[in-house]
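Visitor: Take a look at the letters that make up each chain.
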Amino acid sequence: MFEAIAFYLFAFLTIAMFYIVVTTSQALYALSALAAGMIFISAFFFILNADFLGAIQIIVYTGAVMALYAFGMMFFDTTREVKEKKGNKFIIVGMSALAAALVVAIFAAPMLSTNIVALYPSSADIGNTQEVGMVLFTKYLIPFELAAVMLLVAMVAGIVLAGKKMDNSITLEDDTNEKVLS
Amino acid sequence: MVDHILSILIFFPVVAALFGVIVHKDSIRAYGIAVSVIEFALSLWLWFAFDGQSSGMQFMESIPLIPAFGINYTLGVDGISVFIIILSTFVTLIGIASLGEIKNLKNMIITLLVLQMTMSGVFAALDAIIFYVFWELSLVPMLYIIGAWGGPLRIYASIKFFLYTFAGSLVMLVGMLFMAYFYNQATGEWSFAILDWYRLILPENLQLWLFVAFFLGFAIKVPMFPFHTWLPYAHGQAPTIGSVILAAILLKMGTYAFIRFSLPLFPDASVFFMYPIAVIAIIMVIYTAMVAYGQKDIKQVIAYSSISHMGIIIIGTFALNVEGISGSVFLMLGHGVVAGALFFLVGVIYDRRHTKIMSEFGGLAHSMPRYATIFGVMMMASVGMPLTINFVGEFLSLLGFFKQSQILTLLAGVGIIVGAIYMLTAYKKLFFGEITNEENRNLPDINKRELVALIPLTFLAIWLGVYPKPVLDPINTSVESIVQLMHDKAQTAEAKRRIPSPLSQMTIPVSSIEEAH
Amino acid sequence: MMEIGLNHYLILSTILFAIGLVGVMRRKNLLLLFFATEILLNSVNIAFAAISHYYGDLTGQMFAFFVIAIAASEVAVGLGLLIVWYKRHGNIDLDSLASMKG
Amino acid sequence: MEKYLYIALFAPLVSSLFSALFTATPKKTFTGIIASLLIFSAFVSSSILLTHILGGGEPIHVEMMTWMATGDLYIPFGFVVDEISVTMMMVVTLVSTVVHIYSIGYMDHDKGFNRFFSYLSAFVFSMMILVMSDNYAGLFIGWEGVGLCSWLLIGFWFHKESATWAANEAFIMNRIADLGMLVGLFLIYWNTGTLQYEGSFAAFAHLDTTTLSWIGIFLFIGAMGKSAQFPLHTWLADAMEGPTPVSALIHAATMVTAGVYLVVRSNELYSLIPHVGLFIASLGAFVAIFAASMALVNRDMKRVIAYSTLSQLGYMFAAAGLGAYWVALFHLMAHAFFKALLFLGAGNVMHAMHDELDPFKMGGLKKVMKWTYIMMTFASVALAGLFPLAGFFSKDTILEAAFAEHHFVIYSVLLFTAGLTAFYSFRLTALIFEGEERYKLFGIHPHEAYKYMLVAMSPLLILAIIAGAFRTTFFGMVEEILGAMEYHIHSHVTLWIMTIGTQVFVILAIMYAYKKYNNAKITVPDGTSAMENSFMYKLLLNQYYIPYAYEKYIVVPYREMSEVFWTHVDLKIVDASVDGIAGIIYNTGDRTSAMQSGNLSTMLKWMVAGLLGMLSLAVVFGLAVRYSDEILAILSGLGV
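Residue numbers (the working numbering), protein chains in the order written: chain A, 227 to 408; chain B, 29 to 545; chain C, 15 to 116; chain D, 269 to 908.
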């Protein structure tokens with residue numbers, strides 16, 4: 227009962243937040259709503275007994291990613307109202323809704339849903355941090371290490387791109403840049 | 029060394045081509061000739077070491093490439109393929125020896141050597157995947173030859189040539205993959221070896237589908253009506269050497285593949301499709317001969333005549349008896365020699381006048397008598413004069429098909445009439461009459477370099493017409509084993525009847541012409 | 015209705031994904047487009063976590079975990095590129111990026 | 269004896285190759301002399317072989333080497349000298365020796381002197397293969413070989429448009445017939461298992477009549493082309509564009525008789541199918557009168573003789589078709605002698621008249637060309653069939669045969685044709701040699717031919733006179749192989765009446781011709797006289813409009829159809845559809861590249877659309893799998 231209430235509550239909140247993200251014309255609202263949505267999502271993880279994942283969600287998304295976005299936004303003129311394109315909203319929303327409906331239909335289809343029905347619907351023991359650690363450092367060790375390297379590379383890339391020689395482009399070359407580079 | 033002679037034949041030219049890159053361009057001609065002489069000598073050695081009495085594959089080599097899927101590098105030749113390989117090395121040799129002063133001679137020679145590799149590879153391959161690889165690889169040098177040294181429309185012609193044949197062979201590839209899949213279903217193992225596939229007896233409806241898949245690939249290559257339109261463009265735009273090799277060897281890949289794949293793998297389907305294909309072949313023979321008659325460009329005449337002759341080869345192949353198939357194999361050689369020589373001959377006047385339009389000429393027999401003589405000999409060979417190489421093939425092909433259908437053979441035989449019409453008319457336009465165009469009056473007669481190419485071809489055209497036995501015997505041996513295989517594999521009563529066993533003694537059937545219909 | 019099953023989570027995930035799709039399609043500002051991609055990634059994460067839970071297998075969580083790692087990298091590099099672009103062109107408007115026109 | 273066989277066969281080849289060596293060099297008389305000597309040696313060998321056969325010797329049969337062998341097919345280069353082939357060999361080598369020697373003089377001033385001898389000897393070689401081969405395939409080699417040489421020789425003066433056109437026409441017409449012959453060969457092979465004469469003849473006896481008839485018909489189609497029978501006859505008259513010795517050798521004495529030879533050689537076949545034989549005889553009789561009628565009015569000396577050849581070939585086919593093979597062969601031989609003589613005489617006249625061919629422009633030539641006059645007159649008498657010259661014996665026997673076989677229609681047609689023959693031959697001699705010297709109007713100074721040319725012709729003259737004497741010998745020789753029978757009219761009275769009646773009829777025709785054309789009033793026709801404007805005259809002069817019909821209804825439509833096939837069918841339909849497919853693909857690319865606007869949100873929209881499409885497919889397939897049984901039921905209900 228409690229689980230259901232929590233689910234519906236957070237579901238409503240998450241949808242609302244994300245709806246704001248995609249509709250608002252103020253970048254700051256969008257950022258704030260996104261951060262809120264991320265936190266609400268972590269609630270699902272806690273409900274699902276994925277404690278570690280929930281923690282990661284809060285730390286990485288709400289902490290690191292949002293901070294990055296916040297810093298990023300400082301470079302841009304965020305006070306200005308975001309202009310939206312005049313394209314046909316009906317098509318966009320319609321297509322998205324249709325896609326969602328189809329996916330739901332696929333899930334709801336009797337013969338498929340029987341396949342997807344949970345094998346162990348309430349195994350409460352699974353999902354604690356210890357077990358995650360066990361799996362992560364045995365079965366998924368190499369992907370884990372690779373992810374670490376990837377993050378490092380991404381960090382370096384971020385610094386190089388945004389950091390030095392910010393007056394010059396290093397990805398797009400044109401006549402003015404050639405002298406600098408050479 | 030003789031055990032690996034096929035590999036050497038295939039890879040020697042390409043290795044030589046790689047070294048050719050570093051050869052100085054002044055000495056590249058000598059280098060090219062030397063390499064092709066060695067290659068030709070190797071192929072002659074192959075003939076020397078070949079046992080004409082044995083019907084099986086000889087000089088077999090096998091190296092596993094992808095053992096999990098049974099893909100092996102398997103080579104081998106029998107009486108059918110060995111002569112086409114020799115013809116290909118021969119044509120390459122005289123082609124390189126007679127190359128004129130063209131731009132980028134070095135690139136041309138390297139391209140020709142690579143082309144030589146693919147040609148030997150196609151005819152020596154006994155593994156479907158290896159066959160397919162060489163089959164497709166052969167397109168690349170030819171694309172390059174047409175596209176780089178061709179006439180004004182060369183880009184269009186080369187792209188058309190490439191895409192058209194490529195599209196067809198992709199369907200063939202699907203057929204091959206399915207064949208291997210079926211082999212896997214039947215035996216539990218994977219194999220792409222043609223000899224393994226020979227042992228399969230496929231259900232008839234499956235044969236029909238696979239036959240069609242293979243047919244598309246082969247028919248475009250041959251080229252059969254109505255897939256023939258790439259050929260006139262390719263010939264019309266290609267430089268002389270390109271046309272020669274295209275007509276002499278590359279087209280033969282299609283007809284060779286019919287004999288190597290379609291007939292022994294799908295005997296029932298071959299019988300089923302015999303009449304439709306014969307009708308197409310007859311259309312090819314007569315229709316393209318008429319189109320050839322309507323041409324204004326001498327090279328196009330010969331290009332269309334090639335298609336017409338390929339029709340006779342197809343007729344012979346689908347005679348499904350020893351006489352017809354031997355005839356068609358022999359006609360492949362004959363057409364290789366004759367069409368090759370005719371394209372050389374057209375190249376001769378093109379070099380002098382830079383035009384191929386027949387109305388520009390006339391009365392050339394006055395100014396170039398030797399040229400006119402050789403052209404005349406080759407023209408007569410082309411129209412199937414007895415004691416020339418083409419007659420043996422045409423006679424046997426038609427003779428073979430006569431057993432299957434008398435009316436259709438009669439129609440196909442119309443080819444000898446219409447063939448004479450366009451050839452004689454073209455000859456008349458080029459050589460007879462007074463010299464009308466002053467530019468033709470002082471044309472130099474054929475020179476030594478051109479004679480190097482033409483004398484051997486002329487000699488071959490007559491020698492093999494008078495005494496075809498040394499070539500026909502090994503062909504016959506191999507064809508007999510193929511026909512026997514088809515007879516044994518045939519399932520339907522119709523197919524058993526249509527494909528006679530060559531081993532059983534021939535009985536003299538007492539039948540009337542009505543009964544046969 | 016009150017018993018929360020896997021389907022509930024999947025449907026929620028789908029709805030969030032649809033919202034993300036709408037954002038991806040209608041946003042013109044590149045930064046906000048990035049936000050929308052985050053929504054997409056997160057919606058998938060919910061599905062992973064839910065499946066992991068209901069199947070009793072940690073693999074789903076692992077995937078979600080790596081998705082988060084990738085999202086973090088993406089943001090780092092993406093923002094860097096965005097800043098470079100902004101320095102050159104003075105805006106981060108999608109319509110100004112059309113050099114891939116075929 | 270085999271030695272002589274090989275000499276007879278290969279001496280002409282050696283001669284041809286020898287002359288071929290000098291084709292690029294200016295005229296060398298010795299090539300002509302050596303070629304003539306070599307052909308003469310072939311003639312001597314043939315004579316030796318003839319005496320061997322006449323002396324009751326066994327036929328000589330050699331097998332030189334294998335030509336084609338595959339499957340059950342086995343074709344050797346085999347040669348046989350028996351009664352039939354030795355006759356033909358004698359005719360061929362004799363006439364060709366004469367023609368070779370004659371040509372040394374005739375081609376004296378021609379640039380292509382050496383080339384001419386090369387071609388001529390090659391022709392003799394092909395003809396020898398044709399007559400000596402012991403199988404149908406070998407015969408076909410010679411058959412095509414003579415066709416090739418005929419093409420080369422008709423088009424010998426290749427700078428002349430008309431000559432090359434005639435050469436091509438001859439070759440192509442022959443090809444049409446060759447196809448029939450080829451089909452005949454195929455039928456023989458698949459029904460008897462061999463192409464050897466011996467084997468196939470032996471097997472013919474076991475075949476049913478229908479098959480045999482088809483074989484006979486197709487072989488005869490081949491013979492029709494070579495022997496220029498209706499409707500494939502037009503090439504022969506046009507072939508007169510070639511040098512006259514060629515006309516004498518090829519288009520009178522030897523090649524055109526190859527068809528008769530084929531029928532005679534296949535006598536064992538044709539005697540089994542008398543109804544086909546009757547058709548051959550009827551066609552022969554028709555061609556005899558048909559060609560003779562065209563010869564009546566023609567104003568080209570060589571064409572008249574060509575039509576006469578055609579007409580005589582009709583006689584031979586009539587005889588062969590009626591089963592009188594030996595008569596046909598005998599007439600073939602006799603005809604070869606006097607017709608070659610006639611042609612060579614015509615050659616002399618042409619030379620003298622500077623290639624003028626219209627006899628109306630000649631006249632009175634007997635004063636300057638005495639020997640030619642004598643020879644041509646004798647040849648014409650022989651042709652007309654007057655006693656005691658060769659033509660009488662051979663032609664009269666044909667008439668007797670037709671009468672004895674009770675084919676009175678054929679008999680009367682042939683009899684009437686004999687009259688026509690006499691008329692046109694003497695119309696020609698009268699116009700050329702008698703009367704006013706009309707040539708003077710054209711400023712021509714005729715002269716007699718070289719002595720050695722006349723000497724060379726003399727054997728033919730002698731043979732044309734005395735060949736009839738060999739009738740009994742000949743009959744004795746070929747009796748066995750041709751199953752010959754003497755044709756005896758039951759009552760001697762009838763025979764005498766017939767013979768004398770024929771003779772009188774022929775003499776009357778000759779006299780009428782002389783009366784009409786040997787007078788001073790003959791002028792060069794200018795198209796104004798009543799006769800020239802009559803329908804019949806025009807019809808005959810235009811060869812019954814058959815060449816025009818061929819041109820209009822076959823040649824021109826063929827050419828136009830070729831053009832249409834190329835420009836419309838090949839380029840506009842076949843190729844255009846290929847290009848169309850390629851174009852559709854190209855255009856699809858062009859159009860859809862608008863999707864690739866470079867604008868991210870547009871592309872994203874397309875991506876989502878694609879996703880949507882695939883999801884829908886997933887749903888559709890899912891449903892299809894779920895309800896597959898129902899779908900199958902519905903489809904089967906619809907009859908799919």
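Do not take every clue at face value.
[Said to hold, decoys possible] Label-pair ranges, simulated between beta-carbon atoms: (1) B:I187 with D:L807: 57 to 65 angstroms; (2) D:Y342 with B:D79: 18 to 26 angstroms; (3) A:G320 with D:H836: 50 to 58 angstroms; (4) D:A817 with B:I483: 56 to 64 angstroms; (5) D:A817 with B:D79: 55 to 63 angstroms; (6) B:L46 with D:L891: 56 to 64 angstroms; (7) D:M829 with B:V307: 16 to 24 angstroms; (8) A:L235 with D:L891: 19 to 27 angstroms; (9) B:L223 with D:A817: 45 to 53 angstroms; (10) B:L223 with C:G70: 52 to 60 angstroms; (11) A:G320 with B:I187: 52 to 60 angstroms; (12) A:L254 with B:L191: 19 to 27 angstroms; (13) B:I94 with A:T249: 52 to 60 angstroms.
FYI, nobody ran anything at the bench for these hints, they're computed from the structure.
Where is the CB? At the ideal position from N, CA and C, for every residue including glycine.
Visitor: Hint by hint, note whether the structure agrees.
Guide: A quick look at each hint next to the structure:
| no. | hint | verdict |
| --- | --- | --- |
| 1 | B:I187 with D:L807: 57 to 65 angstroms | holds, 60 angstroms |
| 2 | D:Y342 with B:D79: 18 to 26 angstroms | holds, 22 angstroms |
| 3 | A:G320 with D:H836: 50 to 58 angstroms | holds, 51 angstroms |
| 4 | D:A817 with B:I483: 56 to 64 angstroms | violated, 45 angstroms |
| 5 | D:A817 with B:D79: 55 to 63 angstroms | holds, 59 angstroms |
| 6 | B:L46 with D:L891: 56 to 64 angstroms | holds, 58 angstroms |
| 7 | D:M829 with B:V307: 16 to 24 angstroms | holds, 19 angstroms |
| 8 | A:L235 with D:L891: 19 to 27 angstroms | violated, 36 angstroms |
| 9 | B:L223 with D:A817: 45 to 53 angstroms | violated, 60 angstroms |
| 10 | B:L223 with C:G70: 52 to 60 angstroms | holds, 54 angstroms |
| 11 | A:G320 with B:I187: 52 to 60 angstroms | violated, 43 angstroms |
| 12 | A:L254 with B:L191: 19 to 27 angstroms | violated, 56 angstroms |
| 13 | B:I94 with A:T249: 52 to 60 angstroms | holds, 55 angstroms |
Of the numbered hints stated above, those contradicted by the structure are hints 4, 8, 9, 11 and 12, listed in ascending order.
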